[in-house]
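There are 2 protein chains.
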Amino acid sequence: MSGKYTVSYEVPYYECDVNATMKISSMIAIIIKVSEEQSDYLNRGSDFVHQFGVTWILTQYEVFLSRLPKVGETILVSTQATSYNKFFCYRNFWIETKEGEELVRVESIFALMNYTTRKISSVTEEIIAPFESEKITKIKRAPKIPALNQAESLPFRVRFYDIDSNHHVNNSVYFNWIIECLDYNFLTTYEPAYINIRFDKEVEYGNLIESQYEIISDDDRMKTLHAIKIGQTKYCEAEIDWKKR
Amino acid sequence: MSGKYTVSYEVPYYECDVNATMKISSMIAIIIKVSEEQSDYLNRGSDFVHQFGVTWILTQYEVFLSRLPKVGETILVSTQATSYNKFFCYRNFWIETKEGEELVRVESIFALMNYTTRKISSVTEEIIAPFESEKITKIKRAPKIPALNQAESLPFRVRFYDIDSNHHVNNSVYFNWIIECLDYNFLTTYEPAYINIRFDKEVEYGNLIESQYEIISDDDRMKTLHAIKIGQTKYCEAEIDWKKR
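Chains H and S supply the protein sequences, listed in that same order. Under my numbering, think of the first position of the first sequence as 1, with each following residue one higher. Under my numbering, think of the first position of the second sequence as 1, with each following residue one higher.
Please keep in mind that the hints were generated in silico from the structure rather than gathered at the bench. Accuracy of the hints is not assured; some may be wrong.
No distinction is drawn between identical chains; accordingly, a pair holds when it is met within one copy or between any pair of copies.
[Said to hold, decoys possible] Using 30 Å as the maximum straight-line C-alpha spacing, the simulated DSSO-like pairs for lysine-lysine come out as follows:
(1) K33 to K70
(2) K140 to K33
(3) K98 to K234
(4) K86 to K138
(5) K70 to K135
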C-alpha cells in the first residue's frame, strides 16, 4: 500500500503488565513513535512542521483489539496517513504478528495547532503532500463518548517523568491514569476489545488531576467510562469495551 | 572479554524526559532486560532458575554516570557477571556510544532467594557456571548510604502498571518515586553523576509508600538522600550525587 510505513518491534518485559501482555500506554507510545519515524523519513519531522509555527496534536483515537501483543513477541507496527480535510488528518495504525494476523487497529485524528494562538490551523499541502494521503471534504468523527453518571475517581499528580522529550504529557500517560482506576481482579479478568478516547485539553506538569470512572456491566457486556478532569473542566474522556481474557 | 554480552539499542523519545535524556527508570529497565537476555542465551533464564525453587533478586546498584544517553542515540548496552561468592553475584553493566565512549557504568549485586522461605539461597555451580564469572571468597559491599536527617516526603500508590510481567514491582519503578520528589527546576538544572541504591524489601501492588528525600547542598556539591518507606519500615534507600547539566 502506498504511503504505509512499517517497523518490526520486539515487546520488552517492562512494557507488559502481570498478564504478560502489553500495557495500553506502552502500545500507544510505540505507535506514536512509528508515526514520528515516518514523518522524519519523509522530511516532515517536528523541526519541519515547527517552522510554520504549528505542531501536531492528537485529538481522538479508536482502538480495535483482537488481542494484546505478548511479552517477547515480535510485532509489526504500521502506520498510514489515509486522508485529510481542511483541518483534520486521519491516520491509521496496525499491529500485526510476523505472520500477518492483525492484533490491533487504531484510527486516529490529528490536527495542527498554532503555537501562539493555540487554535487549530489549516492543513497545508507543504506539510501533508509526502504522506500521499487522500484529500477529502467530509469531516469524519469517531462515535460520541457517553457521559459518566455515577463516577468514582482517583487523584493523580502529573509527574516530571510524565512529560516526554517533546515537552508534552504524552497521550500514552492518560492510559496510566485510566487503567489504574480498575482493580487487580478486573484487569486480570478482562482485556480491552475497543477503546474510544478523546483529548480535549492538555494537562501540565504539577497538575493534580481526577481520573473519574464508571463500570457498566450487564449480562452481555462489560464497559467502562472514563474522564480526566481538573475541577469541573474535562481534559480527556474515554470508553472501553472489555472482553474476558 | 569472555562472558560479556552486548546489545545495541536506540533510545526512544518516550524513555526520555524534558531534558531529552534518558529517564533513570528506563535506563535501569533496559539493563535488566539485557541481563535477562544473556541468561536466556546461556539457557539460564528464569524457567531454569525457578526449577530449583529460587529466583534472582537485585539487592544493590552503584551507577557511575559521565552523561545520560540522549533521545534517538544508538547506545551499546553490555553486561557481565564478573564474580560470585557463596551468596552473592556481582554483575557489571556498561552503556557506551557506538564509538566506544563509556557513558554509564553500573556495579550490581544479585542474590538467589528461595520462593518458600523468602531467604537468600546459596549460589550453585549449575546456575552460575555458564556465565564464566570468577569465584571469590570476599564479600564486596557498596558504600553505606547515609541516613536522612530532615526528610520531607511524597506519597505514592503502587500501581497495577508498576508490576511487570515477572509479577514484581520492577526495580526501575523505585526511581520514578525517587525522582518525582525533586522539582522541575532541580531536574532541568542537574543530572545524576553517581547513584547508590539498596533494595531491602519489595513493595507490592496497592501499597501506599512514602518517598522520603533530603537535599544536601553546599559550595562544592549537590547530593540527595532518599528512602522508600511504608510506616516505619524501610524498603529501599538511595543517595544521588548531582552535577550541573
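Structure-based check of each hint:
1. Taking identical chains as interchangeable, the C-alpha atoms of K33 and K70 lie at most 30 Å apart whether they share a chain (19 Å) or sit on different chains (16 Å).
2. Taking the shortest Cα distances, K140 and K33 sit within 30 Å of each other inside one copy (24 Å), while across copies they are farther apart (42 Å).
3. In this assembly of identical chains, K98 and K234 lie within 30 Å of each other by CA distance neither inside one copy nor across copies; the values are 40 Å within and 46 Å between.
4. In this assembly of identical chains, K86 and K138 lie within 30 Å of each other by CA distance solely inside one copy; the values are 9 Å within and 71 Å between copies.
5. In the homo-oligomer, the alpha carbons of K70 and K135 never lie at most 30 Å apart, since the shortest distance is 37 Å inside one protomer and 37 Å across protomers.
The structure is inconsistent with the numbered hints 3, 5, although it conforms to all the rest.
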